[in-house]
Amino acid sequence: MHEEIMIAGFGGQGVLSMGLLLAYAGMFENKHVSWIPSYGPEMRGGTANCLVAVADEAISSPLFSEPTTLMVLNRPSLEKFERDLMPGGLLIMNSSLIDMEPKRRDIRIFKVPANTLARERLGSEKVGNMILLGAYLAFSDLVRENSVTQALVKVLPEHRHHLIPLNRQAIELGRELAGSGSRRVHRNAV
Amino acid sequence: MSKALMKGNEALAEAAVRAGCRFFFGYPITPQNEIPEYLSWRLPEVGGVFIQAESELAAINMVYGAAGSGARVMTSSSSPGISLKQEGISYIACSELPCVIVNMMRGGPGLGGIQPSQGDYFQAVKGGGHGDYHLLVLAPGTVQEMADLAFKAFALADEYRNPVMILGDGILGQMMEGIELPEFQDLSELPPKPWATTGAKGRERNIINSLYLEPEVLEQVNLRLQDKYRLMAERETMAESYLTEDAEIVLAAYGTAARIAKAAVDKARAAGIRAGLFRPITLYPFPKYELRRACQTASQVLTVEFSAGQFVEDVRYHLEFKVPVHFYGRVGVVPTTKEILEEVVRLAGSQGRSQNSEVRSQNSEFRIQNEGF
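In order, the protein sequence lines correspond to chains R and V.
The opening position of the first sequence corresponds to residue 6 in our numbering, with each subsequent residue numbered one higher.
The opening position of the second sequence corresponds to residue 1376 in our numbering, with each subsequent residue numbered one higher.
Hints are all accurate, no fakes.
Here are the simulated DSS-like cross-link-like pairs (lysine-lysine), alpha carbons at most 27 Å apart as the crow flies:
1. V/Lys-1642 with R/Lys-85
2. V/Lys-1603 with V/Lys-1568
3. R/Lys-108 with R/Lys-85
4. R/Lys-85 with V/Lys-1713
5. V/Lys-1378 with R/Lys-159
6. V/Lys-1642 with V/Lys-1713
7. V/Lys-1527 with V/Lys-1603
8. V/Lys-1527 with V/Lys-1663
9. V/Lys-1568 with V/Lys-1527
10. R/Lys-108 with V/Lys-1713
11. V/Lys-1697 with V/Lys-1663
12. V/Lys-1663 with V/Lys-1501
Keep in mind that the hints were calculated from the coordinates and are not lab data.
Here the structure is a predicted model, which means the values were calculated and not measured.
Using the sequences and the accompanying hints, generate a full structural model.
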């Protein structure tokens, strides 16, 4: 198993935290992991993305250029990174903030209106990123539920630990959506 | 022992503390700020001293002072800041004091940018400041090595009474990987430093100095330094060779560039090209025998660098110009695995043709040699 995941959006959407969660969860399962952040000098609102690799074997290059999975949280990220996704790769997109269609026909695509669902079903738009992450976990079986919960304890600062149940709910919602939507995804697959 | 997920900069800082570093003097600059940030709270916890100096010049001279008193001391900076420290580094090298200097390289020249770079290779391995001196230069390639080499750097600095530089880049500093941290060094086990300025009561005064006005005396100092560098070259070289036993093309790279090159080697092998990787871990002393061994079966070598071609000069020199050495580098942006692979395929292809046709062979060999040298 060798997964190369790119997550992109703007600063404040929790893009780097999503990647950290995957890296921690992978490490808890004794897999090799790497996480590289990339962001501008802004505190909020600039572009942000991260590269996460999770593998059974040692990771040769943590700087991959053809991710196996791409998660995009805003439109500029889709426009910029769609072309890099590996043929047959998985694209998960936040359709609440992306009002355009992907161009590629050789990839699997799953759309989640993450902001809308987070606001309406969970009462906080801030956990939209966790819905997308949950969807990814349903498709990939990369790490176990338990490892992700453990990872939340590491990634969230202590004064935010009361939000762990809400984050887990959001991940669960993403999983359910992906479960029911998986047939559509496979139809898109080449 | 359980693993920790850490940024390279933080892993390096914690390993330094575990190696017994109790003094840090520095001035902020991206992309190494996690090191001072971490040590600003960590050093006081272990009874150490963290000072954000008023400038890089002040910081390196504080290092000079602390090293002279026998302490394990470190400073860190990034390219433009390291340039500012060169005068102090030359003084420390001449005074034969142990210390650790971290350079997390960013793009240059000038203020350059904050993206990863390897443009300070010459500065690090050839001297940097004035005079005939060398640093011992270590080039980590993983977050684990950021910790391991930081730990080892303090022991090497003490052993040779010489400044040790850890040469990394912004990616190594900000990337996270799962690592195991070294155990704490028992400070009571460290060899004594009879030369240190620890208070001269009951003994001869120790003088730390880099000024030798008598020409013959200065020459003796220089000859002693050169002996020391020869000893380092005999005993301290480190390198990794990957799939080089039967390689027809060897990629040579260090640090983050070597990680990308390694992925390109894997892809080239998958495409049927016998590629291998040579990665020096000590850049000075240069692991020349390890390089020659790694290139024994190679008909060509390709260096991959985040620079306009610096490391390539040492590779050519140490292979004694017997193997064509090509260069692939980017300056400002980081090359992708794909573009390196394309270069490997192109080089392997040009050689494949030379074996098939005699006429072409002559032309193509001629071309390769022109490119190579």
